[in-house]
Structure formats: C-alpha cells, structure tokens
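Chemist: Can you make the complete structure from the sequences, with help from the hints?
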Amino acid sequence: MSMHFLTVPGLASSGPQHWQTIWEQQYPHLFSRVQQENWDWPVKEDWVRQLDKQISELTGPTVLVGHSLGCITIAHWAQEHSSLNIKGALLVAPADAEMSKRLNFVVGFTPIPVKPFEFKTVVVASTNDIYATIGRSKTFAENWGSDFVNVGKKGHINAVSGLEDWKEGKAILESLSGLKFAE
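When the letters of the sequence shown are read in order and numbered with the working numbering, they come out as residues 25 to 207.
Keep in mind the hints are simulated off the structure, nothing from the lab.
It is possible that part of the hints are untrue.
No farther apart than 27 Å at their CA atoms in a straight line, the calculated lysine-lysine pairs in the BS3-like style are these [to be verified]: (1) Lys-177 with Lys-191; (2) Lys-144 with Lys-177; (3) Lys-139 with Lys-162; (4) Lys-204 with Lys-191; (5) Lys-77 with Lys-111; (6) Lys-204 with Lys-111; (7) Lys-177 with Lys-194; (8) Lys-111 with Lys-162; (9) Lys-111 with Lys-194; (10) Lys-144 with Lys-194; (11) Lys-191 with Lys-139; (12) Lys-111 with Lys-68; (13) Lys-111 with Lys-191; (14) Lys-194 with Lys-204; (15) Lys-144 with Lys-111; (16) Lys-68 with Lys-162; (17) Lys-139 with Lys-204; (18) Lys-139 with Lys-77.
Computed spacing ranges between beta-carbons, pair by pair [unchecked claim]: (19) Glu-188 with Thr-134: 29 to 39 Å; (20) Thr-151 with Ala-195: 11 to 21 Å; (21) Thr-151 with Glu-81: 33 to 43 Å; (22) Glu-188 with Pro-135: 26 to 36 Å; (23) Gly-159 with Glu-81: 32 to 42 Å; (24) Leu-82 with Asn-152: 12 to 22 Å; (25) Asp-64 with Ile-154: 35 to 45 Å; (26) Gly-84 with Glu-122: 13 to 23 Å; (27) Ser-80 with Lys-144: 14 to 24 Å; (28) Thr-83 with Gly-159: 32 to 42 Å; (29) Gln-41 with Asn-174: 16 to 26 Å; (30) Gln-41 with Ala-195: 15 to 25 Å; (31) Thr-134 with Ala-206: 35 to 45 Å; (32) Gly-176 with Lys-77: 31 to 41 Å.
Note that the structure is a prediction, hence the values are computed from the model and not measured.
The beta-carbon is built from N, C-alpha and C at its ideal position, and this holds for glycine as well.
Modeler: Structure follows, in structure tokens:
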C-alpha cells in the first residue's frame with residue numbers, strides 16, 4: 025500500500041505559486057487537497073468536519089501536509105477524532121490564532137489544542153513569520169510532541185517566501201513519510 029498525502033491549506037487556500045499546490049501538480053497520484061466550502065471565512069467546526077470527512081474516505085496510509093491555519097485545523101481534528109490511516113503530519117508555519125489581531129475572523133480556532141498527537145508530527149517554523157513567533161511555534165511543537173525544524177528567515181513559508189517547490193520541505197516530508205520523491 026503506497027503512501028498518500030492530504031494537503032490542508034490555511035486561510036484563502038494555497039494559490040498557484042504555493043509549494044502545496046506545486047507538490048500537488050508534481051505528484052497528482054500522491055497528493056489530494058482538503059476542499060473547504062469557505063476558504064476566506066474559516067469556521068473551526070466546518071473546517072474540522074470537512075477534514076474529518078475526507079480522512080474518513082481515505083483507503084490507505086496518509087500523511088497530512090498542513091500550512092498555517094491548516095495546522096491548527098489538524099490539531100483540532102486530532103483532539104476529537106482519529107484514523108488508523110493517518111501516519112503523520114507535516115505542520116508548516118502554524119498560525120498563532122490566539123495572537124491574531126483578527127480573532128473574530130478565525131472563528132472557534134482558539135484556544136489552540138495542547139494535547140500531543142497520536143501520530144508522528146514535525147513542526148516547521150521560520151524566525152520572521154508574521155503569524156507566529158519562533159518561540160510560539162516551538163511551544164506548539166513541545167505541546168504536540170512534534171519534532172521541530174527552524175528553517176531560518178522564510179517569512180510565513182508560503183508563496184510570498186518565493187520557495188517554489190521548496191526542496192527543504194520536501195526532504196523533511198520524505199524523512200517523515202519514508203517515501204522518496206522522484207526528481
């Protein structure tokens with residue numbers, strides 16, 4: 025049974041220049057994306073319900089690939105649900121919803137869960153992310169029982185960061201999933 029990846033984007037989803045989208049296009053047989061009804065007005069219950077629905081439809085081992093508010097969605101999912109198909113999660117630039125100036129905008133995402141995940145996780149964070157300090161990201165990793173990778177000054181580790189297909193992230197995902205991506 026081969027490994028599959030389910031990308032879990034954050035606010036506004038991930039556009040054409042985002043590494044999540046690029047990876048999905050590079051490996052369409054390996055990657056699928058959570059499809060939220062409203063990407064622009066995130067409501068935790070809706071986002072977690074949709075993630076749970078897509079996880080319940082999985083047929084084999086899967087690693088979640090979260091970005092930003094997608095990471096927090098995964099954390100909330102893991103509080104209330106579980107699946108034997110979920111083998112791990114790559115949690116990139118988790119957005120600190122508790123520190124957001126737009127708290128009313130991220131309905132229900134706070135407080136951020138502190139319960140450890142039941143599967144292997146890696147938190148990847150940047151030292152100059154405007155949506156979470158490196159200290160907060162490290163705290164998330166400690167709370168969740170995640171490995172922690174500091175990638176230096178990469179902003180929010182998104183399309184604006186200019187990472188294109190983000191080989192460093194791919195290497196982290198390879199070590200987490202045990203799958204080697206063909207170049």
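Chemist: For every hint, state whether the structure bears it out.
Modeler: Okay, the hints, checked on the actual structure:
At roughly 16 Å between alpha-carbon atoms, Lys-177 and Lys-191 fall within 27 Å of each other, so this suggested pair holds. Between Lys-144 and Lys-177 the CA atoms are separated by roughly 25 Å; this keeps the pair inside 27 Å, and the hint holds. For the hint pairing Lys-139 with Lys-162, the CA-to-CA distance comes to about 14 Å; that is within 27 Å, so the pair holds. A threshold of 27 Å between alpha carbons decides the hint, and for Lys-204 with Lys-191 the separation of about 12 Å falls inside it, so the pair holds.
Under the criterion of a C-alpha separation no larger than 27 Å, the hint pairing Lys-77 with Lys-111 is consistent with the structure, at around 17 Å. Under the criterion of a C-alpha separation no larger than 27 Å, the hint pairing Lys-204 with Lys-111 is consistent with the structure, at around 16 Å. For the hint linking Lys-177 to Lys-194, the alpha-carbon distance of about 18 Å falls within 27 Å, and the restraint holds. Among the hinted pairs, Lys-111 with Lys-162 is consistent with the structure: their alpha-carbon atoms are about 22 Å apart, no more than 27 Å.
With a C-alpha separation of about 17 Å, the suggested pairing of Lys-111 with Lys-194 holds against the 27 Å cut-off. Of the supplied pair hints, the one linking Lys-144 and Lys-194 holds, its CA atoms being roughly 16 Å apart against a limit of 27 Å. Taken as a hint, the Lys-191 and Lys-139 pair is broken in the structure, with Cα atoms around 30 Å apart against an allowance of 27 Å. Our distance criterion of 27 Å between C-alpha atoms is met by Lys-111 and Lys-68, whose separation comes to about 23 Å.
For the given pair, Lys-111 sits about 21 Å from Lys-191 by alpha-carbon distance, which is consistent with the 27 Å threshold. The hinted pair formed by Lys-194 and Lys-204 meets the criterion: a straight-line CA distance of about 9 Å does not exceed 27 Å. This hinted pair checks out: Lys-144 and Lys-111 have alpha carbons roughly 7 Å apart, not beyond 27 Å. Between Lys-68 and Lys-162 the CA atoms are separated by roughly 23 Å; this keeps the pair inside 27 Å, and the hint holds.
With a C-alpha separation of about 30 Å, the suggested pairing of Lys-139 with Lys-204 is violated against the 27 Å cut-off. Proposed proximity of Lys-139 and Lys-77 is supported: the alpha carbons are some 22 Å apart, at most 27 Å. Checked against the hint of 29 to 39 Å, the pair Glu-188 and Thr-134 passes, with Cβ atoms roughly 33 Å apart. For the pair Thr-151 and Ala-195, the supplied restraint of 11 to 21 Å holds, since their beta-carbon distance comes to about 19 Å.
With their beta carbons about 38 Å apart, Thr-151 and Glu-81 fall inside the hinted range of 33 to 43 Å. A C-beta distance of roughly 35 Å is found between Glu-188 and Pro-135, which places it inside the suggested range of 26 to 36 Å. Distance hint check: the CB atoms of Gly-159 and Glu-81 are about 37 Å apart, consistent with the given range 32 to 42 Å. Separation of Leu-82 from Asn-152 is about 35 Å and departs from the stated range, judged on CB atoms against 12 to 22 Å.
Under the hint 35 to 45 Å, the C-beta atoms of Asp-64 and Ile-154, about 19 Å apart, miss the expected range. For Gly-84 paired with Glu-122, a C-beta distance near 35 Å fails the hint of 13 to 23 Å. The beta-carbon spacing between Ser-80 and Lys-144, approximately 21 Å, falls within the hinted interval of 14 to 24 Å. Against the hinted window of 32 to 42 Å, the Cβ-Cβ separation of Thr-83 and Gly-159 comes to about 39 Å, which satisfies the hint.
In this structure the supplied range 16 to 26 Å holds for Gln-41 paired with Asn-174, their Cβ-Cβ distance being about 23 Å. A beta carbon spacing of about 20 Å between Gln-41 and Ala-195 agrees with the range 15 to 25 Å that was offered as a hint. Under the hint 35 to 45 Å, the C-beta atoms of Thr-134 and Ala-206, about 40 Å apart, fit the expected range. For Gly-176 paired with Lys-77, a C-beta distance near 36 Å keeps the hint of 31 to 41 Å intact.
Checked against the numbered hints listed earlier, the structure breaks hints 11, 17, 24, 25 and 26; every other hint is satisfied.
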